[in-house]
Amino acid sequence: MLEVKNLSKDFGGLQIIRDLSLKVEAGERRVILGPNGAGKTTLFHLLAGTLAPSQGEIRFDGAAIGALNAVRRARLGMARSYQKNNLFESLTIRENLMLAASAALGKSGKLFRDPRHDAAVKARIDEIAEQIALTETLDAQVSTAPYGIRRQLEVGIALATKPKLLLMDEPTSGVGPSMIDHFHRLLNQLPRSITLLIIEHDMDLAFDVADRISVLNFGEKLFEGTPTETKGNAMVRSIYLGEREGGEHNA
Amino acid sequence: MQNVAMDVSFWILQCLNALQYAMLLFLLSVGLTVIFGLLNFVNLAHASLYMLGAYLGISLAALTGSFWWALLIAPLLVMGIGAGLYFTLIARLRTAGPMNQVLVTFGLIFVFLDLVRIGWGDIALGLAAPPALSGTLHFLGINYPSYRLFIIGLGGTVMAGMWFILARTQIGAMIRASVENTDMAAALGIDVSRLFFLVFCCGCALAGLAGVAAAPILSATTTMGITILIPTMIVVVIGGLGSLEGAILGSLIIGFIDVFGAVLMPSFSALLTYALLAAVLVWRPHGLIAARG
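In order, the protein sequence lines correspond to chains A and B. As numbered in the numbering used here, residues 1 to 251 make up the first sequence, in order. As numbered in the numbering used here, residues 252 to 544 make up the second sequence, in order.
Careful: at least some of the hints might be erroneous.
[What the hints assert, rightly or not] A partial selection of chain A residues facing chain B, derived with a Cβ cut-off under 8 angstroms:
(1) Leu91
(2) Ala103
(3) Leu105
(4) Phe112
(5) Asp211
(6) Arg212
(7) Asn233
(8) Met235
Since the hints were derived computationally from the structure, they do not count as laboratory data. Even glycine gets a Cβ: it sits at the ideal position worked out from N, Cα and C.
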């Protein structure tokens, strides 16, 4: 599904990603774990095409995509939900989804129709709303929606294009503890036709959702394995859990 | 008793006058404000399109013998002129910064003014209201010209139509999304530049419509554009740049202040509008109904 070989990225001599290799299977839930500054977000930029790698190869569904720009990669089925809120505040949740869905379905051209009456758009909105558990609040205006709901909606907008791979950058950052549980369930309910690659520094989410975890530190892959293996690994414990338990997980 | 009745009908009359003026302001300001909200572009020549609408309407009425054809075709011609402006100047000026935009569109005002002078001459031209609307209607104890009621109805219809389009259609949601955040809308796959062009053309057509509609009341003069530009800009600033509700509210406020100011305190009426503008700029610099936080 997604294969990264010997990927490197440096900014003016400073190596942010060093010789990184990853292989993610179709339908897999992979969490990229690591302290702040480990290079997780840079890795996402390289995967999504918003940054060009210094070295290395990226293959998506068997095709080399390293030379494609972000829009071309998105068309191949890569979607991304960002670390910051990226929503239309003055519109309702339904309208946000509707714009994304009608653009994804190529129906933006029917300017004077009510897209909510278009069967295909409506079906997609309903499908996404169910996946992100927002069916009840579709008609609320985004500016009045609590933070957790906004994060759910962001995932929904990313889902509108029916992506094969969804890149999520810290989907639970800023979400309260009670919402985090809810969010985990939400991610677990997403269909396996979507492969998830999630950046996290939150251990609980990683252990809850991941099939496999890749641990990054200083741009290198330190470890990769199942959640149980990760928990038991001494090296991971020392660089990550150790710091965390010591109360300072800023690298 | 007689006196009181006369008083009431006097106020009803003034209210209708204010409403009618507000509707003209609305037709002009709504295009200006939505164009600004979407393109971040202040088109001072918007009021020249209003003047062109009036002159073209007068010629078309003479040509076709019918006010209604003029009311229909003149806005379309003005829209065509707007489209021409868009391709030759506006699209290129989009990234040129506000100072260049203001200078160019301010220059356009004088270009259009002289073109109208050359084409139609310097004398004020009148346009007869259509026969069906040339009389007066008697209601609530007053006689009111039916043509002025027609303008109120026309403004109301455009308002309702715009509300419907903005709230209920694909393009409406796209416009609202793009006013709020153009980059994000483009990232979602919305063809923003086509949207800009469509909205710009519709705004121009509404300015032309206002021009034809105003001609039977105000008659067409070469300075009519400049005269209405200032109140229109004030409406847009008071209402909130880019906000449809703001254009409605602003038009009503300025319409009523202008008409009632002239009746109640004639010597201060011009001052009142500017005092309000200053107050709004101090208390709510983004306008009464801000389109963007």
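Taking the hints in turn, this is what the structure says about them:
no.: 1; hint: Leu91; result: holds (6 angstroms)
no.: 2; hint: Ala103; result: holds (3 angstroms)
no.: 3; hint: Leu105; result: violated (10 angstroms)
no.: 4; hint: Phe112; result: holds (5 angstroms)
no.: 5; hint: Asp211; result: violated (30 angstroms)
no.: 6; hint: Arg212; result: violated (30 angstroms)
no.: 7; hint: Asn233; result: violated (39 angstroms)
no.: 8; hint: Met235; result: violated (39 angstroms)
Checked against the numbered hints above, the structure breaks hints 3, 5, 6, 7, 8 and satisfies the rest.
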